[in-house]
Amino acid sequence: MAVERAAGGTSLIDVLDRVLDKGIVIDAWVRVSLVGIDLITVEARVVVASIDTYLKYSEAVSQSVPVARPALESRPYDEIAAENQALRAELASVATARQSIPRQTTARRRRPGL
Amino acid sequence: MAKKSPAKKAAVKRAAPRKTSSVKLASVKAPRERAPIAKPAADVPHAVDSGKGKYVYCVIQSADLLKFGAAGIGDNGSEIHTIHYRDLAAVVSDVPLGILDSTRENVLAHERVNEIVMRDHTVIPMSFGTIFKTRDDIVQLLRSAYDAFGDVLTKMRDKMEFGLKVLWDRDSVVKDIEDEDEGIHRLKNEIASQKGSTYFARMQYGRAIDAALQQRSERYGSEILDRLRDVAVASRINKPIGDKMIMNAAFLVSRDLETAFDSRVKNIASEHDKLTFKYTGPWPPYNFVNIRLKLERV
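Note that the protein sequences, when read in sequence, are chains A and B. Position one of the first sequence corresponds to residue 155 (my numbering), numbered consecutively onward. Position one of the second sequence corresponds to residue 3 (my numbering), numbered consecutively onward.
One thing to keep in mind: the hints can contain errors.
Said to hold, decoys possible - Derived CB-CB ranges, DEER-like:
hint: 1; chain 1: B; residue 1: A194; chain 2: A; residue 2: V248; range: 56 to 64 Å
hint: 2; chain 1: A; residue 1: V248; chain 2: B; residue 2: V176; range: 52 to 60 Å
hint: 3; chain 1: A; residue 1: E237; chain 2: B; residue 2: H274; range: 54 to 62 Å
No lab work stands behind these hints: they were computed from the structure. Given the structure is predicted, the values throughout are model-derived calculations rather than measurements. In this text, a Cβ means the ideal position worked out from N, Cα and C, and glycines have one as well.
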C-alpha cells in the first residue's frame, strides 16, 4: 500500500504516546540515557537543588496508576483512623453476634432429625 | 545498574533489546526502586496559586535570547521565549501557576511548540506538564544538568525522530495461514467434519494459529527493521497498541538521510499490500532521549 507521512502533531494518540513520559522527566530517578544505535546509557547524578517547583505528572492519564490512588492519598489520616475504628467496632459487634448464630444453626439443623 | 531499566510506566514500551553500555558521569545515588506512589505532597504545592509560572517545552543550545511567537499553552497563546544558562536555553512560556491538565489543547500545544523550535534547533523535549515557579529555578535546572544536556544535544544534533506503526488485517492473515499451512488446514477440516466434541481440535487450532500469527508478525517486523537499518541512526521498538498492530517503532534519522529514509519507508509500504503503514514525523527525539532528574531541596 502507498503511505504518506503525517506531521507529528496531527495525531493525538501519537503525541500522547510521546509527551507524557518521554524526554526530560523530572522525578525520583537520576538518570540520563540515550537510546542510540550504540545504545549509550549515561547515568548521572543531576541534582537540581533548591528548586521549588510544580510538577504535573502524566500519572493521571497513565495506565500504570490505579485510578483509586489519588482519592486514597488525599484522605486525611484522621479520617482513615476514624473509619478504621468504626470498622473494628463493627467487626467486634459482628463477632459477638456470631457467637449466637452457630447455636441457632445447629438447632435448625437438628430439627429435621427430630 | 544500567540494566535497572529507567522505565517506569514506560517499561512495557521498552521492548527493544538494549545493548547498553554504561558510561558513568558522576556518582549516582543508589538507584532506588521507583515507588508507585507519586511525589510526596510537599513537592506539589497547592494547585491554586495566584502567581505565574513558567512552562518548559524543551531545552536547546543557544546563547541568544530567542522568541518563537505566541504559540504557547493557554487561551491566548502565550509568548514563547527562552531562559538561559551559558549556551543552553530552556524554551518556556508563562502559564498560571498550578497543575496543568493534559487536555487535548494543552498536549497539542506542547508538541506544536516543540515542532516550531525544531525547525531551526536540536531540541531535547521536556515531557508534558513541567512548570517552574521562577526563572531562577529554570536556570538552576540548566546549570545542574548542564553537562548531561550538552552531551545529549551533541548526540541529537541534526537528527530527527520518525514514527512507524505497521498494522495488519488479522482476519485476512488468518485466512492466508489456513490456506498456506498444511497442518492448520488439516485441523480446520477436521473441526468442520468432526462429529461430537471438537474441543481438543479447536484448542489445537487456536494455538497453532496464534503461533503462526506471532511468527509472521515477527518476520514482518524484522524484515522492515532490517531494511531501514542503513538509513536510520537508531531504532526503538515500542509495544504495539491493540491486536491489529504488529509493529510500533521509532527511528532516529540523520537530517541528510531523511529523503533516503522517506523513500525507503514508501518502498517497503508499496511492497506489502496487506499491511497498513502509519508513518509520522519529524518528531522531537522523544523516544531516544530519556533524562530523568531528581529534584532535591537544599
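Hints violated by the structure (numbers, ascending): none
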